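Put together the whole structure using the sequences plus the hints.
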Amino acid sequence: ARSGDPAVILIDTRPPAEYWAGHLEGARHFDPFPFHHSDTGDVGMNEFNGQLAWIFSALGITGRETVVFYENESGMRATRGAWLLEYMGHPSVRMLDGGLNRLAEAKLVTTPVTITPSNFQGIPQTGALATCRYIAGHLGHQEVQIFDVRSDEEYFGERIRARYGGAIPGAIHRDWRQALDESGAFKPVEQLRAEFERMGLRPEREIIPYCQGGYRSANAYYALRLAGYPRVRNYLGSWGEWGNREDLPIEKPTRRRIHS
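Quick note: the sequence shown uses my numbering, first residue -9, plus one each step.
Read the hints as simulated data drawn from the structure, not as lab findings. Note that the coordinates shown come from a computational prediction; the quantities given were computed from them, not determined experimentally. Beta carbons: idealized from backbone N, C-alpha and C, even for Gly. Among the hints, erroneous ones may be present.
As the list claims (entries may be wrong) - The following label-pair restraints were derived from C-beta to C-beta distances:
#	residue 1	residue 2	range
1	Thr244	Arg153	19 to 25 Å
2	Gln181	Ile113	42 to 48 Å
3	Val33	Ser82	26 to 32 Å
4	Asn39	Ser82	18 to 24 Å
5	Asn234	Ser173	25 to 31 Å
6	His131	Pro81	29 to 35 Å
7	Gln168	Glu133	21 to 27 Å
8	Pro159	Glu15	25 to 31 Å
Here's what the structure looks like:
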């Protein structure tokens, strides 16, 4: 993407203080972090879709441009922003792999950006989304694999961030940051693919990553897609929804004790 190209919109997803301290020329600001949503029922998703249409209209997105999201690395903010817009049916969404860390020579500016609001409606792409009902209906199906990308402490129920601790039954677990290299960029495609396959994630199956609120799992969504997994759904509600429900099954993983 070329800064200043009218066919390209840059979206800086860092916290406001970092954006105003210096951003790429022309970049608009959208911090997706406060934008939580943990109700993937029909009513909740209708509300969510309306909120997204309003946000992307306020950012001046029309659907005719290429939109590039960035932060300091290939983190959960940029991937969350990219996934939200892709979910809303935008045909040309990108993320700056490695983020500003890879653009050490880039000139950052503090110039305010003038935005002309649009009327972006979008068409939600349900194939990019996993809802609570969808997962509950596919537990145990051979064609669907659940991928828990939270920390070890969350997965093993040692850090509980909902009514209940634990995991979605049958989930394969690995911390989301394991998909990144030391610089914060995604690992090479072949390495990602080999690591995912070694964990038991099968490219011919549908993979559903989840975390606490659909942010880290958005990063895993793109890591899997990058590695050549064609069918991936991000569980938007994640444990913030599943772990607060009384009516859903929960697995209680235990750490393996290594005896010397």
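Against the structure, the hints:
1. Thr244 <-> Arg153: 19 to 25 Å: holds (20 Å)
2. Gln181 <-> Ile113: 42 to 48 Å: violated (35 Å)
3. Val33 <-> Ser82: 26 to 32 Å: holds (31 Å)
4. Asn39 <-> Ser82: 18 to 24 Å: holds (20 Å)
5. Asn234 <-> Ser173: 25 to 31 Å: violated (36 Å)
6. His131 <-> Pro81: 29 to 35 Å: At roughly 30 Å between Cβ atoms, Pro81 and His131 fall inside 29 to 35 Å, so the hint holds.
7. Gln168 <-> Glu133: 21 to 27 Å: Given about 25 Å between the Cβ atoms, the range holds.
8. Pro159 <-> Glu15: 25 to 31 Å: Distance hint for Pro159, Glu15 is violated at roughly 49 Å.
Taken one by one, the earlier hints fail for this structure at numbers 2, 5, 8, listed in ascending order.
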